[in-house]
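Undergrad: Residue-level listing of the chains:
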Amino acid sequence: MWAAIIVAGAGCYLLKLAGLSVPDQVLERPFVRRLADLIPVALLAALVAVQALSTRQELTVDARLVGLAAGAVALLARAPFLVVVIVAALTTALIRLP
Amino acid sequence: MSLLSTPQRREILIDSLGVGVATGTYGVSFGAVAVTSGLSVWQACALSIFVFTGASQFALVGVVAAGGAPMSGAATALMLGTRNTLYGFKLASLLRLRGIRRIGAAQLLIDESTAMALKPADPTDAPLGFFATGSAVFVLWNLATLVGALAGNALGDPATYGLDAAVAAAFLALLWPQLDTVHKRLTAAAAVALALILVPLTRPGLPVIAAVGVAVLAALARRTSTLRSAQSRSRG
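Those protein sequence lines, which keep their order, are chains P and E. Its first residue numbered 1, the first sequence is counted upward by one per residue in this note's numbering. Its first residue numbered 1, the second sequence is counted upward by one per residue in this note's numbering.
If you are wondering where the hints come from, they were derived from the structure by calculation, not from laboratory data. Owing to the predicted nature of the structure, the values given are computational and were not obtained by experimental measurement. Just so you know, even glycine gets a beta-carbon here, dropped at the ideal spot from N, CA and C. A couple of the hints might just be wrong.
Examples of chain P residues toward chain E, derived with CB under 7 angstroms [said to hold, decoys possible]: (1) I5; (2) L15; (3) L68; (4) A69.
Derived DEER-like restraints, expressed as beta-carbon distance ranges [to be verified]: (5) E:V139 / P:R96: 19 to 25 angstroms; (6) P:S21 / E:A115: 20 to 26 angstroms; (7) P:P98 / E:Q8: 52 to 58 angstroms; (8) P:V83 / E:S93: 32 to 38 angstroms; (9) P:L82 / E:S5: 19 to 25 angstroms; (10) P:V32 / E:R101: 23 to 29 angstroms; (11) P:T60 / E:D180: 30 to 36 angstroms.
With the hints as constraints, model all of the structure from the sequences given.
TA: As structure tokens, then:
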């Protein structure tokens, strides 16, 4: 675990430093700019799916999906980040009450 | 120029603190989720100090919580960290940092500090927005992580409190403002579909990293379609 933390820490720092140090021309390329826009979109979407619908190597539908839907409703209502997260957690917790 | 020499600069400082406080509260949820995913309090704190970029930190912890290898979590964190490289491109000409200052400033390069550096009408105020917001978020984010991690330790099973759903909702909230074009929505849908297909077939962690392939294909597809429309325009 510590090795992964060190790799992520050093890597994320170098990515930031590279941005401040590289000349503008690289970003001028439309493909680079588009890819940079799309990488977070694709990764975050995959993370939402995996986090809500899988348990290790199985696809599972459970209370998490209802919580996520409640979070989506909060987002539609333009709720701030923390409210969205709390709504999702509370909804899921309430469904799981014995 | 003194720190508070104009009302605009005073306003930037106050806004920066506000952003720091708001982001800090979100750091509490990171600390709690990290610890309930199996990290120690110190590991959670180390992530907030050294990685210091929220989406990447949540990604690493999310992959580990889903049973993935820590290194695939780190790989996902790095992919998400590429966003900060682009912020750097935007800010390099605005901040004009050299040597040791650039090395220190780089760690503060995140969504919030970029937004606050680009906000002032007067570009000479950009460094103030960047450093004030970056430092405020850094201090409060790390304090909040510690508080959240200690609280998370006392909580017990995270599922009881719906914290597993909270992580999914956190990713959705980060994704939401970015879905501003049809092309991005389709990319997101394709990434979701591929991830779900891969879950039973691959090791945990890989379905997320595979999304990078979707992003590359989507960027290429966009290129051919713009090229084609440019060609048909020049013909017509």
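Undergrad: Please go over all the hints and tell whether each is borne out by the structure.
TA: Verification of the supplied hints:
1. I5: Nearest chain E Cβ about 5 angstroms off; hint holds.
2. L15: At 4 angstroms from the nearest chain E Cβ, L15 of chain P passes the 7 angstroms test, so the hint holds.
3. L68: 5 angstroms, holds
4. A69: With Cβ-Cβ at 10 angstroms, over 7 angstroms, it is violated.
5. E:V139 / P:R96: 19 to 25 angstroms: 36 angstroms Cβ-Cβ, so the 19 to 25 angstroms window is violated.
6. P:S21 / E:A115: 20 to 26 angstroms: 21 angstroms, holds
7. P:P98 / E:Q8: 52 to 58 angstroms: 56 angstroms, holds
8. P:V83 / E:S93: 32 to 38 angstroms: 37 angstroms, holds
9. P:L82 / E:S5: 19 to 25 angstroms: Roughly 34 angstroms apart at Cβ, these two residues miss the hinted range, so it is violated.
10. P:V32 / E:R101: 23 to 29 angstroms: Holds, at about 26 angstroms.
11. P:T60 / E:D180: 30 to 36 angstroms: 31 angstroms, holds
Comparing the model with each numbered hint stated earlier shows that hints 4, 5 and 9 do not hold.
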